[in-house]
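J.: Chains as they are written, first to last, in our numbering: chain H, 1 to 379; chain W, 1 to 222.
Keep in mind the hints are simulated off the structure, nothing from the lab.
Among the clues, some could well be false.
Okay, derived cross-link-like pairs now, DSBU-like style, lysine-lysine, Cα gap no bigger than 30 angstroms in a straight line [unchecked claim]: (1) Lys191(W) with Lys106(W); (2) Lys302(H) with Lys180(W); (3) Lys302(H) with Lys106(W).
A few chain W positions that, by computed beta-carbon distances, are all more than 10 angstroms from chain H [what the hints assert, rightly or not]: (4) Ile16; (5) Leu25; (6) Asp49; (7) Asp168.
Stretch by stretch, here's where chain W covers chain H in the computed footprint (C-beta under 8 angstroms, at least three residues) [stated by the list, open to error]: (8) 268-278; (9) 312-326.
Every residue gets a Cβ at the ideal spot worked out from N, C-alpha and C, and that includes glycine.
Below, each chain spelled out in residue letters.
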Amino acid sequence: MLFGVCGGLGEALGVDPVLVRLAFAVAAVAGGIGIAVYLAAVLLLPGPPPGAPHRPYRHRAQEALGLGMLLFVGAAVLSQSGILLPLDVLGPGVLLLGGLALIWRQASPDSAPSVPELAAQAGMPDSRDVARTLLGLMLVGGGALLFLRLGADATAFVSAAIAASIAAAGIGLLVGPRLRRARVEAEAERGERIRTEERALVAARLHDSVLQTLALIQRTSDARRAQLLARRQERELRAWLYGGEEAGAPQTFAAALRHAADEVEADYGVGIRLVQPRDAALDADLEALVAAAREAMTNAAKHAGVDEVSVLARVTDGEASVFVRDRGRGFQRALVAPDRRGLRESIEARMARHGGRATIDARPGEGTEIELTLPRKTP
Amino acid sequence: MNRPLRKVVIVDDHAIFRAGLKAGLGPTIDVVGEAGTVEEAVPLIRSLDPDVVVLDVHLPDGGGQAVIGPVHAERPGVRFLALSVSDAAEDVVAVIRAGARGYVTKSIAPDELLDAIHRVADGDAVFSPWLAGFVLDAFGSGGGDGGAGAPGASADPELDQLTAREQDVLLLIARGYLYKEIAARLHISRKTVESHVSNVLRKLQLSNRAELTRWAAQRRMI
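In isolation and in its complexed conformation, chain H is listed as follows (with noise of 0.2 angstroms):
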């Protein structure tokens, strides 16, 4: 109002500027040490931030003539009663006020440092920082000294009181800023320390995957191979971007199938093109049908003599199901030895043992497509 002391304290503590004028009002009511400390503060604290909005000039002139009114009754009421500045309160008051005011500034982050700064701030503070506390501490200590020993005579239980409330206070000032600004320091180094942690981590990821591909890929002649490695690269990264699932086992159907193609497709070094438009929660017959599947992919990649294989899974309301084709020599089933258990045990009599089944279109030189069905309990 007058210097805007009440204004920015009242902001500084997160208070109501009207309580903290009305606590100078009553404290230069009683005894005085309101003006001293508004005198002191004027003096002591830091300016507004360049930024700070002014507010209108309606309202600070009528909050001020607010505050005379109540000055002026509290100096008549002063007057009447002939309590007037007792000296042995106003003094030490003074002493112990201004040097909390001096601990305040010092300690408030009255601007916002950057983190660096903050940092090296945290870990040596600069010796004038430590001047300043000490000074703050020196007067307040001295007029708490000068309140106990001046606390014998008349107005002692008003002085004590007095004192008792300006230490609490004291204390507060002291310790709060304190807390905050190490708070603040703590908030920027987790957050700082979070980013880096995070991009070493996607470093690391890269480094191992992608940077490893590329290097192998560089070193081979064989373009058939390079390709392979980049589309398994392609798909591992695009997993791990869009997936979110970074380890354990695959929680869906289309996780599960993807998982399988992959593996086929580094065991046997052919390409799977998948297609799966719609996912499922994983069951056990789900289950079975990717385990089927995965045999159907196993056996183009080694026998049908290509390079890519089509897989499609769809999955609707009533059924579940995987195309595998490929496009390779084909075969001919009463040509396939009995010894070979493959197609009979992992495909045929497990989609059986699960309610489902298998057809198989295989014709000697146009390729092979099997089909997997299997019904849903559950839409």
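Got chain H; can you put chain W on it based on the hints?
T.: Relative to chain H, chain W alone:
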């Protein structure tokens, strides 16, 4: 194969990818221009008037549909083939509904891409196995009469469902069959296969079926 020379513009924000694409297309494709942004692409297409624009679904200053929008009406002869690495189905559907004649993934083999460009230039629709599988899923799996009375259906109910034959064709595309293989398997001509796919494209572009939007919003192509 005796194919006419096609004028092509490539729109993709990765210069390396454009260079690789250009190198792999062979003598029947004349890449007359390249652009990396929507802002560059629109005036370039207007001035060059190519047969086909190979268009990335994702561009830094807007989706591929931002390129198709201003050009499509004034130059109906320019055809768009959308292409992407990995995008939300929403984006792919947006580009197709804006007027693209087809969609393929960037991992497509060079000869297949060449084939796709020529087919799009001829006015045919090009569906990758992925798109076929997803369209099949989006239009529901009921038979030819399925999907009737679905909420948000279009004024023309024919647009909201696929015929049994169209579903057969889409299913085979999704399973990895080529058009000529589909023709042989279904005992129809290749031209008939193409007309089925074009019809599906038209339905995809014109249908207001609510499932289509919901489906596209939920799915990411991986």
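J.: A separate judgement is required for each hint: does it hold in the structure or not?
T.: Structure-based check of each hint:
For the proposed pair lysine 191(W) and lysine 106(W), the alpha carbon gap of about 26 angstroms is at most 30 angstroms, so the pair holds. The straight-line distance between the Cα atoms of lysine 302(H) and lysine 180(W) is roughly 26 angstroms, inside the 30 angstroms bound, and the hint therefore holds. Between lysine 302(H) and lysine 106(W) the alpha-carbon distance is near 27 angstroms, which keeps this suggested pair within the 30 angstroms criterion. Isoleucine 16(W), annotated as away from the interface, keeps every beta carbon of chain H farther than 10 angstroms; the closest lies near 14 angstroms.
The claim that leucine 25(W) lies off the interface holds: its Cβ sits roughly 18 angstroms from the closest Cβ of chain H, which is beyond the 10 angstroms cut-off. Interface exclusion of aspartate 49(W) from chain H stands, the closest Cβ pair being 35 angstroms apart, more than 10 angstroms. At roughly 13 angstroms, the least C-beta separation between aspartate 168(W) and chain H is larger than 10 angstroms, which holds for a residue marked as non-interface. Restraint check on the segment 268-278 of chain H versus chain W: 5 residues with Cβ-Cβ distances below 8 angstroms, three needed, restraint holds.
Interface restraint, the segment 312-326 of chain H with chain W: holds (7 residues with C-beta to C-beta distance below 8 angstroms; minimum three).
Comparing the model with each numbered hint stated earlier shows that all of them hold.
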